[in-house]
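Number of protein chains: 2
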Amino acid sequence: MMLKKGRVTLPAEEGLEKEISRLVDQWGADAVRDSDGTKLTKEIMGMTDKVYSKLFFTRGDQEWAKANLDQLQHFYLMSEHVTAHTEKVVIPIMKGYFDQQVKPDTDHDPKEWWEVINRTTGEVVSPEDWSYHDETKEVTIDNAKKWHRYTVSFLAWQLWDPVHMYNHITNNWDTEHHMTYDPHYPETREYILNKLRTWLEDHPDTDVVRITTFFYNFTLVFNDLAMEKYVDWFGYSATVSPLALQEFEKVKGYKLRPEDLVDQGYYNSPFRTPSKEFLDWMDFQQQFVSELAKECVDLIHEYGKEAMMFLGDHWAGTEPYGKYFKNIGLDAVVGSVGDGTTLRMISDIPHVKYTEGRFLPYFFPDTFKEGGDPVGEANQNWMQARRAILRSPIQRMGYGGYLSLALDFPDFVKRVEEITNEFREIHDHSKETSSYKAPFKVAILNSWGKIRTWMSHHVHHAIWYKQCYSYYGILESLSGMPFDVEFMSFDDIKQNGIPEDVGVIINAGDAGTSWSGDKAWLDEQVVSTIREWVHQGGGFIGVGEPTAHEHQGEFFQLADVLGVQKEIGYSLSLDKYNKQSEEAHFILADQYEPIDFGESMKYVYQSNAETKVLAMEEGDVKVAVNEFGEGRSVYIAGLPYSPENTRLLLRTIYWAASEEAIMQKWHTTNVQTECAAYPEAGKFVVINNSYETQQTTVYKADGSKEALTLQPMGYKWFDI
Amino acid sequence: MMLKKGRVTLPAEEGLEKEISRLVDQWGADAVRDSDGTKLTKEIMGMTDKVYSKLFFTRGDQEWAKANLDQLQHFYLMSEHVTAHTEKVVIPIMKGYFDQQVKPDTDHDPKEWWEVINRTTGEVVSPEDWSYHDETKEVTIDNAKKWHRYTVSFLAWQLWDPVHMYNHITNNWDTEHHMTYDPHYPETREYILNKLRTWLEDHPDTDVVRITTFFYNFTLVFNDLAMEKYVDWFGYSATVSPLALQEFEKVKGYKLRPEDLVDQGYYNSPFRTPSKEFLDWMDFQQQFVSELAKECVDLIHEYGKEAMMFLGDHWAGTEPYGKYFKNIGLDAVVGSVGDGTTLRMISDIPHVKYTEGRFLPYFFPDTFKEGGDPVGEANQNWMQARRAILRSPIQRMGYGGYLSLALDFPDFVKRVEEITNEFREIHDHSKETSSYKAPFKVAILNSWGKIRTWMSHHVHHAIWYKQCYSYYGILESLSGMPFDVEFMSFDDIKQNGIPEDVGVIINAGDAGTSWSGDKAWLDEQVVSTIREWVHQGGGFIGVGEPTAHEHQGEFFQLADVLGVQKEIGYSLSLDKYNKQSEEAHFILADQYEPIDFGESMKYVYQSNAETKVLAMEEGDVKVAVNEFGEGRSVYIAGLPYSPENTRLLLRTIYWAASEEAIMQKWHTTNVQTECAAYPEAGKFVVINNSYETQQTTVYKADGSKEALTLQPMGYKWFDI
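In the order they appear, the protein sequences are chains A and B. Heads up: the first sequence begins at 1 in the numbering used here, then just goes up one per residue. Heads up: the second sequence begins at 1 in the numbering used here, then just goes up one per residue.
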């Protein structure tokens, strides 16, 4: 007998008491919550066991903001590149920026805090040679070098909290713009703590304080047409202030340049190999954020309430896989579930009692409108998230946005009822025990490692990018596979070698990016350690442009391990004799269609005669396997997410680890289906990851098998 | 009344007297020639006005070669990269090489002449730490760094002339392998001159000495399966010898390292930006070759014969667009015509009285066999070459290979009759006057400039490469267009600025290659000069990855000029708002099918709001136009050769030059047709570049027009 209630949080709002009461039953909700712009009434709060109340620490109090304009948050921004047509160059620094969001900060001397750079030579222009005119928002450079390009890196005030701005514009609100205040300023810090105490006093009915989030938002900048201009979910552009930079200098012993934060206009995107300066800045802010966050959480606990952090919005510095996170002492983390990857990003978070997922679609008018397909979005979201939940569960689920919008879509309301039931069933059957995992770990190797656990190859939370999906598919496939996954950096390898329990290392990405590793592959310790490890039996999987940095006649630095190389034009004179292997191979045993390599990779060729090329297109190698000593390596040109590619990756991992023999444990024959087993709970489940009916056979741990049929998106639980 | 005879050279051979006599009439041949492995009889030599006799300077005399094994030619080769599994590494240096072609040179102390390099660190291994074992052809490194990669750069004797090897293997010969001797050795030099004098004495019937070629072959290395391993038609790997290197040191004042020639195994491919050391080496050898070649040519002239150089084979150092070529004093150059580009490579050669083209297919068994299509190959070859001849004619034509093979294909013999007639007609009508050209030049800008005139984006003479055809198409299109074309290097721009008569600059290629320019784009003088020139009205066309080298926040360094930028992963956070222009545009006015961009280019985006995007695919910009001051710029993602793309490029050039108004002079409406006019001769011709009948209208210089129909591959001459 399954529980029909619990584990579900409902977004509620004033005026919908009747509907909410019905939904609390239908969805089995045991908690209600408010949202940005909504309030809960006493009546609503009485409907469920728990009440969540949102709390913004650094926005929402316009009075404080207005009274302390000198303590608003900043960011460092860069102007466009401007070409000098004459020796006098005028750079309109606000060109392309949204003046409702950005205001150049002239209260702090531009000559001290800004940087004008000749981008042709890379030289900083002496402050004596330029001036800023606030009326026109222009920097004028005298004595410019004609036909060189110049930029201005400037400090600006944030006039509008970016998430409030986003919600406001997306939902067509007509509200006052929330300004954000910076707790690096002692008065604001004190205010925040006092305000929290008052707030806690004022919210006796609140059980869970939903912190959205702590202090500094990820980078989200709009353009002069009020459209998104720059978004980096991992960005630190909005964490700066003159005060923080001065504190940094005291703590770290050196001064940062604006360029350390502006980074040529790349703003230290996670696709960049992080500089020491940027890592130091992250570390400095993480420490600051975690210390103040801990004070806040302690206070919340003092009032007998739980502290739940939203993974998103003002989350800069709270990175859950970073080294200071555990100090904060949070009870829970809630985050948006875009797919399996982002589910694992939440569910794998350590040092909290539980995690909660916010499922898609958000109840926003972009989906909940005539012609919208909220059921379709919910199905896709659930189908991808479910795989991940079976491997590493979140404890609770919920939805975001504005309930009134969802109520107009009864099919959606019905479908959510089914999903919430299925979610509870998973917990009931698995009894919070661990699902079966292979006896070796899979490591994703890149320049970031642990702190970006389930966060590699992302620009913005779960958003599709043409340059990413062919790599992101690896994460998405892995999110629902029976492997423990570890994210490892090149520094980890240099400091600790490769952990004993790692069976396979995956390196995936475009050359030059942090994900592939760029210059890390010139490090002799890195390449030597990996070569030795593979030679002694390790498995190495490269996707796209792995181990790539042109050096000493080689582009893929581990061409010896991979057995393939990429032609970048310098060795076109070398004849390439790619030869597709005619033997059947373990890793392709379940392929029934041409492999979808996504954006794929051109010009890869067989560099060892012994390499087995398993797939070629237009003369280029797309899949190849190689043996290196006792170890094995696989190259794949790209791996977008699909059930077929998930199976390809599963087989690739077992083969690379030289563990083909154990793959067939809790394994299904039909690639559209997967099995998760809970040996301690004595249960296993088989799921259908497609919209069609599927027949499949499950191989159990003892070698016995069972055939079954699953409805579209269906699932069946069995006793072991 | 057209001449039915003349301008044609026939490859002849002993025993085919009757057939040759017939063909002399049918093809109107006025010259016969021998080939590698064939001889002419007195009877044959009497059939035509002129007799060509091949002459090899550095091969063909096995007695000399065997008696002077210490004066054979060398090359510098690199072993494979070998990974150190232990501290003792064994590198089989001959692995992958053909022992009938390559023999490691131990007569010159390997410790002095070879280099063992740790390719992980780039460090040279001390000669004390390695030893060479000639029995096993292995280098053993002691004290290697485990898991590093090592190579051996070694000096080797050439045991087999590469062209003789190629002919021998391709034609299944059973002949003694020609060895090549090196005229840097004084005895061999003297021998060559003496031999030449004897040869001239012995060949009283020879009118034209066809030099094949002077002294050093381009790089052509076979592998251990006797298949092509490495081919670089521009290569200098076979120009080295200890003696020449010692002379170099005296002349240039410094010593070259093996690495300067081996270049990490890239062997200074023309796709590499040339190093100063390599340019010095080329200069040194060009000077040497031209001086000795002049002595040979003077001697030939002494005997009243013409000296004709074959552009190919042992042509290293004779570069016809190099600065020493004119000193040689040649009468003529003959070369293989692969297409329009290679025709222009020959026909534009300065400082000779005439040029001759060797048309395809060669009479070799790879084409002249059952199932072969010699007529098809001849048609394609002629159709592409004809366009180029009309703009810059060769004076003579001919075929290569073995006549006996062609005689079995009567359709082919018939088709050649038509082609030779058409060729003579062109000369009769044009009366050797210049065809009409636009009043501005088109410059191709790359790292090589003039010396590689019509030679950019080539690996091996006219051979298709996947990485090249999308750029090579520009040359092929240009070869038959009414423009004077100039090849310009970055150094030219730095030293001389941009010549007055240049209207349009084209920069095309993959990032990192010499054709795109790589680090040349970091040179402030280069970018400033071009920006200023465009701003004042110049036209700039970028294809593929023009002006590309990641620096200071930009990948395309002239993004301001081009109006587009390429995303390489670092600025994915920046939103891209590519918007296809809805206006019709001059450059696309003749497009009737989706443009074929060949390998194309991904991730290019609009970087200026003012840029007009004319073509997009999957969100990426494929064609864009931009205005920069008074000048204009066009970006195209790739441009393989086709009549449609030729028209696109024609329009692009006129538009970029701001000269749209004058395009319609001797211009045809149908893109499958073209017109060439000879104002001084009072004639114009219209050609059909397709295998279908075409209707077209020609616009004459005075604005009048004429409609006509052309047969497949047809042509019509008119009086102006």
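There could be a bad hint or two in this list.
Remember, identical chains collapse to one label, so a pair may be satisfied in a single copy or spanning two.
Straight-line distance between alpha carbons at most 27 Å, and here's what the computed DSS-like set of lysine-lysine pairs gives [to be verified]:
#1 Lys103 to Lys700
#2 Lys683 to Lys612
#3 Lys519 to Lys276
#4 Lys602 to Lys519
#5 Lys146 to Lys612
#6 Lys612 to Lys95
#7 Lys602 to Lys466
#8 Lys431 to Lys466
#9 Lys716 to Lys18
#10 Lys576 to Lys602
#11 Lys441 to Lys276
#12 Lys576 to Lys466
#13 Lys88 to Lys494
#14 Lys252 to Lys39
Simulated from the structure, these hints should not be mistaken for lab results.
Subject >> Unsatisfied constraints (hint numbers, rising) >> reply: 1, 2, 8, 9, 11, 14
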